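Please build the complex by placing chain Y on the supplied structure of chain D, with the hints as guidance.
Protein chains: 2
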Amino acid sequence: MASAENLVRQRLTGLVPSELLDDPEQAASRHAAAVWSCLTEPGDGVAGTLVAALGPRTALSVALEDGTDSVQDPNVVAARRRWLPRLGTVDDAFRGAQRAGVRLLTAEDDEWPNALDDLGPHAPRCLWVRGDLGTLSSRTPAVALVGARAATGYGEHVAMEMAAELAGSGITVVSGGAYGIDGMAHRAAIAAGGRTLAFLAGGVDRAYPAGHADLLARIAAGPGAVAAEVPCGTTPTKWRFLQRNRLIAAAAGATVVVEAGWRSGSLNTAGHAAALGRALGAVPGPVTSAASAGCHRLLREYDARCVTGADDVRELLGLTGAAVSGDDSFTGDRTRVLDALSVRVGRSAEEIARRSGFAPDDAQALLGMLELDGSAHRTADGWRRRPA
Amino acid sequence: MASAENLVRQRLTGLVPSELLDDPEQAASRHAAAVWSCLTEPGDGVAGTLVAALGPRTALSVALEDGTDSVQDPNVVAARRRWLPRLGTVDDAFRGAQRAGVRLLTAEDDEWPNALDDLGPHAPRCLWVRGDLGTLSSRTPAVALVGARAATGYGEHVAMEMAAELAGSGITVVSGGAYGIDGMAHRAAIAAGGRTLAFLAGGVDRAYPAGHADLLARIAAGPGAVAAEVPCGTTPTKWRFLQRNRLIAAAAGATVVVEAGWRSGSLNTAGHAAALGRALGAVPGPVTSAASAGCHRLLREYDARCVTGADDVRELLGLTGAAVSGDDSFTGDRTRVLDALSVRVGRSAEEIARRSGFAPDDAQALLGMLELDGSAHRTADGWRRRPA
Numbered sequence: 598m599a600s601a602e603n604l605v606r607q608r609l610t611g612l613v614p615s616e617l618l619d620d621p622e623q624a625a626s627r628h629a630a631a632v633w634s635c636l637t638e639p640g641d642g643v644a645g646t647l648v649a650a651l652g653p654r655t656a657l658s659v660a661l662e663d664g665t666d667s668v669q670d671p672n673v674v675a676a677r678r679r680w681l682p683r684l685g686t687v688d689d690a691f692r693g694a695q696r697a698g699v700r701l702l703t704a705e706d707d708e709w710p711n712a713l714d715d716l717g718p719h720a721p722r723c724l725w726v727r728g729d730l731g732t733l734s735s736r737t738p739a740v741a742l743v744g745a746r747a748a749t750g751y752g753e754h755v756a757m758e759m760a761a762e763l764a765g766s767g768i769t770v771v772s773g774g775a776y777g778i779d780g781m782a783h784r785a786a787i788a789a790g791g792r793t794l795a796f797l798a799g800g801v802d803r804a805y806p807a808g809h810a811d812l813l814a815r816i817a818a819g820p821g822a823v824a825a826e827v828p829c830g831t832t833p834t835k836w837r838f839l840q841r842n843r844l845i846a847a848a849a850g851a852t853v854v855v856e857a858g859w860r861s862g863s864l865n866t867a868g869h870a871a872a873l874g875r876a877l878g879a880v881p882g883p884v885t886s887a888a889s890a891g892c893h894r895l896l897r898e899y900d901a902r903c904v905t906g907a908d909d910v911r912e913l914l915g916l917t918g919a920a921v922s923g924d925d926s927f928t929g930d931r932t933r934v935l936d937a938l939s940v941r942v943g944r945s946a947e948e949i950a951r952r953s954g955f956a957p958d959d960a961q962a963l964l965g966m967l968e969l970d971g972s973a974h975r976t977a978d979g980w981r982r983r984p985a
Numbered sequence: 598m599a600s601a602e603n604l605v606r607q608r609l610t611g612l613v614p615s616e617l618l619d620d621p622e623q624a625a626s627r628h629a630a631a632v633w634s635c636l637t638e639p640g641d642g643v644a645g646t647l648v649a650a651l652g653p654r655t656a657l658s659v660a661l662e663d664g665t666d667s668v669q670d671p672n673v674v675a676a677r678r679r680w681l682p683r684l685g686t687v688d689d690a691f692r693g694a695q696r697a698g699v700r701l702l703t704a705e706d707d708e709w710p711n712a713l714d715d716l717g718p719h720a721p722r723c724l725w726v727r728g729d730l731g732t733l734s735s736r737t738p739a740v741a742l743v744g745a746r747a748a749t750g751y752g753e754h755v756a757m758e759m760a761a762e763l764a765g766s767g768i769t770v771v772s773g774g775a776y777g778i779d780g781m782a783h784r785a786a787i788a789a790g791g792r793t794l795a796f797l798a799g800g801v802d803r804a805y806p807a808g809h810a811d812l813l814a815r816i817a818a819g820p821g822a823v824a825a826e827v828p829c830g831t832t833p834t835k836w837r838f839l840q841r842n843r844l845i846a847a848a849a850g851a852t853v854v855v856e857a858g859w860r861s862g863s864l865n866t867a868g869h870a871a872a873l874g875r876a877l878g879a880v881p882g883p884v885t886s887a888a889s890a891g892c893h894r895l896l897r898e899y900d901a902r903c904v905t906g907a908d909d910v911r912e913l914l915g916l917t918g919a920a921v922s923g924d925d926s927f928t929g930d931r932t933r934v935l936d937a938l939s940v941r942v943g944r945s946a947e948e949i950a951r952r953s954g955f956a957p958d959d960a961q962a963l964l965g966m967l968e969l970d971g972s973a974h975r976t977a978d979g980w981r982r983r984p985a
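In the order they appear, the protein sequences are chains D and Y. If you count the first sequence from 1, you need to add 597 to reach this note's numbering. If you count the second sequence from 1, you need to add 597 to reach this note's numbering.
None of these hints come from the bench; they were simulated from the model. Please note that the accuracy of each hint is not assured.
[To be verified] Chain D stretches covered by chain Y per the calculated footprint, using a threshold of three residues with CB under 8 angstroms from any CB of chain Y:
#1 711 to 720
#2 833 to 844
#3 879 to 890
#4 933 to 945
#5 951 to 957
[Claimed, not checked] To spell it out: a stretch of chain Y is covered by chain D in this simulated footprint if at least three of its residues, at any positions, have a beta carbon under 8 angstroms from a beta carbon of chain D; those stretches are:
#6 751 to 757
#7 882 to 888
[Stated by the list, open to error] Pair by pair, the computed Cβ-Cβ distance ranges are:
#8 Asp908(Y) <-> Asp900(D): 15 to 23 angstroms
#9 Leu684(Y) <-> Arg941(D): 22 to 30 angstroms
#10 Asp688(Y) <-> Gly943(D): 24 to 32 angstroms
#11 Glu622(Y) <-> Arg941(D): 46 to 54 angstroms
#12 Arg860(D) <-> Ala697(Y): 50 to 58 angstroms
#13 Asp908(Y) <-> Pro614(D): 57 to 65 angstroms
All values derive from a computational prediction rather than experimental measurement. Think of the CB as a built atom: it goes at the ideal place given N, C-alpha and C, for glycine as much as any other residue.
Extracted from the complex, chain D is given alone in its bound form (with noise of 0.2 angstroms):
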């Protein structure tokens, strides 16, 4: 049919590797995927399942076959019901991906963040990039820097100095692209020189919001990226944040709530990253702030870690050795003969036993052990401690 082989040329010229289009199974593999994206809400289960078990091509030739002895599945014949009727969204849709400049990836792409894949059937289909592809990729460390768009000054300094740290230090900042955290976040990641990449819940070709038009440009034009599930052209919708929230947890290898009401919507991103077993960290803030009392929420009822700063961050990415720690049993008694020692005036090791509650011996033995170490010594009157 070649036919349908030009047209998934021509939908996919500019948005795909020129040598892609070349191989008319790569094309049409790539070019399955998209359609998918244009057909379902993200997070349809029914078309992952579907395209997990048979590829998106062999997938969609079901989903479109017009013959229904061929689709026995209840699930997916009343799914052809919604998505069937958006077929006619998918021309456009490549249509402004080619217009806007932007990339198609897909599961099959050496840059495809493979973190993604842990959503199971809730994986997206593809993803539509404007910027640098490999800011995608799972093998560079990331984090998602999250938090509420009605964020304080405390929060957007905190966000600003853990966002700058971490991706100076080459961790990829994730975010939504929102005002408030997620700005402050991609901000500090830019200002810093590192890679940052906002998920849009709308299609990358709009900005959202509006008054992030030039941020995001800024994301896009690198090191960074700018990257959604839906395809150019859809609105942001509740439903669409909400699992634009999934990718953003999914594709970090920890999610820290930097600043967040009680009700911030940014708890459903720590809500995802729990669920998908990826490191949840919170930034506390005063108790007499509402900014923090989702983060404080998180503490209490989600067991986030306590985040006070890049370092936490990489503790949570697995990226430092663990604390060590040390006791000392010796220290105990060494502060009860410090406790008897004097400065100024000196006192006989007798003394030293009475008021420290030890045997002479025994105070005798941890005075050597002081004057040893330097903290205490004798003079002509007996023993005094050394000035700190």
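Just chain Y now, with coordinates in the frame of chain D:
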């Protein structure tokens, strides 16, 4: 030995209820516990083990006896050499207590905080108390609110709000009488008309810090108490502060660190609470505030619960509906009988019935159930509680 009885009577006059002075056995036992507190540093495990095995009076005879053949335990032989040099301080300790209007509390007293017995051999032998002895009883729920001397306005605000609400609702606020968080917790509890308890590291006859002389006097004026395990005339030392912290942690059902720097002494109290299996909470603050770094450390390293207000503290204490499990009415009855039992002193079932306010048959039945679950056991001289 009438002269020994007279000495005991003379020393205890004013320190214990006068009717006790007419019972030589009772008086001698309390006197011995008080003498032990003069001879030992806080937490002396050899003394604690000896007293637990023989009772304070017999243990003291053993310790004071000159014949070497009667004492064989090498730990005791060694310990006698640190205990005996302090015999000369005993008279002054009793006289100082009488002058300061201090009361003596021992494990035989109704008001004795049984929760301290969880310290095992490191439990204090007695407490020297200014104020209302009832404040000490473990029958009232108690929370330790502790923190840094160098508190910020934020920390003091939170301490004040939390202490006022908790004390106002019948929960005893325990702290260490220091500047900063401790002082604010005591003050707010008093202002709310609630009970507050200050454990001091030195003798209760002297105010430490001196600037809190008025506050400590107000606490003692009630409803509240100032208590120490060291006798009157004892200076606070670093060791005694650290040991005092274990009393705060043990006496309270939960310890909450309100504000603490990275190396604050209140982290030591938190460590004792954790070691004792007490609930541990920490109030978060801005990660940009060094004064909250210790709280965040507790959240990260000690698995402390994030505490944002009085309700969270009640949950830590198990005082909220959600936290209660099992047969409530039995739990309450069980607690009452447990409160009437001592680890160190055997009591008859009749005595337990009287102390717990149950009919003898009911007390007997509850004791049977406590025996079954291992919380209580029968000994030659009656029922005892098993150490936690």
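I'd like to know which numbered hints this structure contradicts. Please list them from smallest to largest. 1, 2
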